[in-house]
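*Asks:* Sequence:
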Amino acid sequence: MTQTSTALPPHVAIIGGGPAGLMAAEVLSQAGIKVDLYDGMPSVGRKFLLAGVGGMNITHSEAYPAFLSRYAERAPQIAPLLRSFGAEALCQWIHDLGIETFVGSSGRVFPTDMKAAPLLRAWLKRLRDAGVVIHTRHRWLGWNENGGLLIGSPEGEKTIQPDATLLALGGGSWSRLGSDGAWMLPLEQRGVGLMPLQPSNCGFEVQAWSELMVSKFAGAPLKNIAIGLNDDVPRLGECVITATGIEGSLIYALSAPIREAINQHGSATIHLDLLPGRPVDKVQAALNKPRGSRSMSKHLHSQLGIDGVKAALLRELTRAECFADPALLAKAIKALPLTLVKTRPLDEAISSAGGVMFESMDERLMLKQLPGVFCAGEMLDWEAPTGGYLLTACFASGRAAGLGMVEWLRRKD
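In the working numbering, the protein residues as written are 253 to 665.
Keep in mind the hints are simulated off the structure, nothing from the lab.
Hints may be right or wrong, so weigh each one.
Unchecked claim - Mimicking DMTMM-like on lysine to aspartate or glutamate, the simulated pairs with C-alpha atoms at most 20 Å apart in a straight line are: (1) LYS410 to ASP288; (2) LYS583 to ASP484; (3) LYS583 to ASP525; (4) LYS410 to GLU397; (5) LYS550 to ASP577; (6) LYS377 to GLU278.
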């Protein structure tokens, strides 16, 4: 797989120009290693730039135990990466690039100007000044029979034989930005343990909305609600009704358990609390007040402020007889069942779950089946909610892989 030259400094190839690949390039170049970085798109960092649209949420300021818990069952594998390069270290690294940050009201950390582009420009300048050579429109096609990397380029197919390789090709979402999961096949053919790619931080579909829900309320925001799944404490937030189901930040936060419930049972039922600030007895007391000649819709509006999309959902998901029984209607308002039957397509998801299993790599993130080949970023088998957790782990894994490559190359020498 590798061919080391004693006369020249080691030469590595990095496949993928997202945060993980760029961070590894920085570590390697600082160690005096020649770095060529290849990316299939016309420019690097495209998904990183997209993540910055509307505000570049780079990481989160919450305490480490809570931060680590966001990685769920993969927390033990992510922990050493974050201990070496967690949220505080990432913020300091950004400051060293000349970019200031601030902590928002939700605890999320942003660059002061809220933009990703200035950070990426400053970073790419530093990498180029350090000698990193970036090749755009160069797509990795796999390996040849001698273990060389096959690269498709505007000039045609070429073969390179680096001393070590980092694969940082992203997950399977947003293929138009380069993350298409095409790397799964060549790795599978080489015997690398993989988990199937699945949507994460994604929307979900219902069996079917009524024509009224689609025509009048597709795209309508559901604000100031809570959503619970199984016996877990409901989470506060907001989401959006779509033509096929539901999406948005609150749904994304629950996407992993919802998806797994669908995988196991064929569907998942979430419960919407339309009035999370009021206990059920207070809701029932308000409904018990005389409404006179007013319609139930006007009664719900005047007594509880329920109208618009919330009222439509209540009608959509509640039996007609519930509206004649204040106790039943109050329970529905506080725990309105919505059955979800499948995720939206992977390519629409913010991120993906699945990929290269940690069990397929050693502690340096080198593939056990392919000595000298390392992996980092979203192509690893982990997932996390939005809020800066995705980017932080991508940066941290890229740095860890870069350090692992430096160590491995020095041991080889």
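*Asks:* Determine for every hint whether it applies to the structure shown.
*Replies:* Results for each hint:
no.	hint	result
1	LYS410 to ASP288	holds, 14 Å
2	LYS583 to ASP484	holds, 17 Å
3	LYS583 to ASP525	holds, 9 Å
4	LYS410 to GLU397	holds, 14 Å
5	LYS550 to ASP577	holds, 16 Å
6	LYS377 to GLU278	holds, 11 Å
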